Amino acid sequence: MTREQQEFERFSWVIRAQHIVLAASVLILIATGLPLKYPHSSYARFVFSLTHGVHVSGVIHRIGAIGLIAVGVFHMLWLVLTRQGRANFRALLPRFQDLKDVLTNVLWYVGLSDKRARFGRFSYIEKFDYWAVYWGSVIMIGSGLVLWLVDRAMHFLPKAVVDVALEAHSDEALLATLAIFVWHFYNVHLNPDHFPMSTTWLTGTISKEDMLKHHPLDYEELQEKEREAQASPLSEKANGG
Amino acid sequence: MARLPLAMLSAFVAFLGPAPRGHAAERCFACHAAPGLAKRIESGQRITPEAEATTIKGKAHAGLTCLQCHPRAARAPHPSPPGAVACDSCHKGYHGHVISAAQQREPAGSSIHIPVCTDCHGHHGILPPSDPASPVSHARVPDLCGKCHGPNSARPFAPSYRQSVHGLAHARTPGGPAAVCTDCHGAHPRQEGDTLLTGVMRSRLPATCGKCHPEVLKQYRASVHGVALTQGVADVPVCTTCHGEHDIRRASDPQSRVYPSHIPETCGQCHGAVALMAKHGMNAYSYPTYRETYHGIANEYGSEVVANCASCHGVHDIRPSSDPRSSIHPANLPRTCGKCHQGASAKVTQGRIHLRISRSGSPAVYWVSTGFKWLTILTMVALVGHILLDLAKRLIERRRSPHRARAGEGSAREGQGQ
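Those sequence lines, one after another, are chains A and B. In terms of the numbering used here, the first sequence has 35 at position 35, counting the first letter as 1, and numbering is strictly consecutive. In terms of the numbering used here, the second sequence has 311 at position 311, counting the first letter as 1, and numbering is strictly consecutive.
Note that these hints are calculated values from the structure, not bench results. Fair warning: this is a prediction, and the values are worked out from it, not measured in the lab. Some hints could be false.
[Claimed, not checked] Taking lysine-lysine pairs in the PhoX-like style, the calculated list, with each CA pair at most 25 Å apart, reads:
| id | chain 1 | residue 1 | chain 2 | residue 2 |
| --- | --- | --- | --- | --- |
| 1 | A | K127 | B | K373 |
| 2 | A | K100 | A | K127 |
| 3 | A | K100 | A | K37 |
| 4 | B | K373 | A | K37 |
| 5 | A | K37 | A | K115 |
| 6 | A | K115 | A | K100 |
| 7 | A | K37 | A | K127 |
| 8 | B | K92 | A | K115 |
| 9 | A | K115 | A | K127 |
| 10 | B | K393 | A | K100 |
| 11 | B | K92 | B | K59 |
| 12 | A | K208 | A | K225 |
| 13 | A | K208 | B | K393 |
| 14 | B | K393 | A | K127 |
[Said to hold, decoys possible] Quick partial rundown of chain A residues pointing at chain B, CB under 7 Å, derived from the structure:
| id | residue |
| --- | --- |
| 15 | E126 |
| 16 | K127 |
| 17 | L149 |
| 18 | V164 |
| 19 | Y186 |
[Unchecked claim] Beta-carbon label-pair distances, calculated as ranges:
| id | chain 1 | residue 1 | chain 2 | residue 2 | range |
| --- | --- | --- | --- | --- | --- |
| 20 | B | S401 | A | M197 | 24 to 32 Å |
| 21 | B | L168 | A | V73 | 29 to 37 Å |
| 22 | A | A87 | B | V384 | 31 to 39 Å |
| 23 | A | R152 | B | A331 | 19 to 27 Å |
| 24 | A | K100 | B | I377 | 21 to 29 Å |
| 25 | B | R325 | A | F156 | 52 to 60 Å |
Where is the CB? At the ideal position from N, CA and C, for every residue including glycine.
Sequences are here, hints too, so could you generate the full structure?
Pasting the structure below:
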């Protein structure tokens, strides 16, 4: 393997597995949820004819919901309990630098500056995706549980609150769907750098070329660490021995 | 053909005696027994009036003379045609009613055949309606009316009746109590002024159906619809508005208008009609707001267990929510919702059931909805804007350095990234 073809690990298998479960769950939820939001669309007629009415599609929707809840709970535990989780979480925290990166890039896009933002492990684009999932999951799981356990809800909650849950569930579903299919899919599938798809979500690896292009600061940090490791007494000892 | 003039001649000779009087049928038969005067009856068989007349014996009209029904035949030679049979010389009134009723409906010059007595009751061999062999006996009425109202007629009521719950029950036990045409329409409806008082007039219809369905009638009379009907509100639904007319089906029949899948559109024909509801000071959004709910969507896609209008409002006993006996009175709502949603409490009254999003009517939902609308718009403007800027920049970069872009995209990109 030449240096140009060198691959770096970007996402561990734990991260990739979480993403796959999340993606599958969300796609199931969108596929079976949209027909209820747009019941007179041809898509709704297609889905409900496949499932012979709303019952079976509702069951599938709840299977998707279990997937989303499970990956959400797992992710929280992973963040708290593992070193890897905590490190990734720290890298994903929004910083003032992200705002400056947005400004830098917009200026570069419109031609007012020659300087392009240089990202570390996570760009503001990826951070937006990550935190949008928090916002979306909290609203969708919260309101979704009210609708799932509607008999209990009708005991404890005023009708108006159940109505709000339904409205929020429906509205946030659309926002999330648009964000995924427009924003996320552009950034990882449709833009000319990655078309038809960045394979990182499957292999977990990224080429040196893409590393330099999209995460130059992360690359530099890795190089720094490598140098430190080589210069450390432990490796000297190893070399000497 | 040669026999006919001969027969007429011999008949005429016989007629030169005194006019028929009393039971002098034999005088009529001097002519009418001649085979040449035989007429072709429905079955295609040729029958002489004499042979026909013998069928009177032992029937309702045994003992009548020919001239009692055919008074214009007293003169010889008879006028041609001899004119209508004079049933009303004994049966006062009936004949005129049927004729005038039909004439009222038909424009002048209409070619519609208006039935007369003999069309239903027959000719010489008339039997009392109580006789099972009479064409107007209860068991045979559908066949009788179906002769004119059959599948190829302008008014094909009989076929839809045959498919109805009444028609099917009648077919199973023709002598049974199942309603036939005359049970609802009446055999000889009474006339008051210009109005024909039939059992199927809107104002009289519930009482007509109530003859066989007294419990339902009682509930309907006390319902918001029944009360309005007695107050003279003509638009109010009567039995047939929901159940249909000739084609009334069992509620468990998927083709019934009151089958769960069809209830919303049946109620919606009035409760979704804006002008009609406005006329009576009611809102027309009950129907569309139901359609938008999960209940409405599930119902539309065939769920038979999900709530339809009747699940909450009742069926024949629908009452306004202000009535404490109403299933949708606030005090009764927990129980009504609880039929499906076990555990529903009085909390279900804290909010709107037929929810229409409005700032004053449902502020919480309104603000959540409005908030999400703008959040979605602004987010998507920002995200799509970023995407478009990115694409535009790529296009500009590519144009500026076409050779690098084609020959060595990789190094060009790396350069950009640095």
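List of violated hint numbers, smallest to largest: 3, 5, 7, 8, 15, 16, 17, 21, 25
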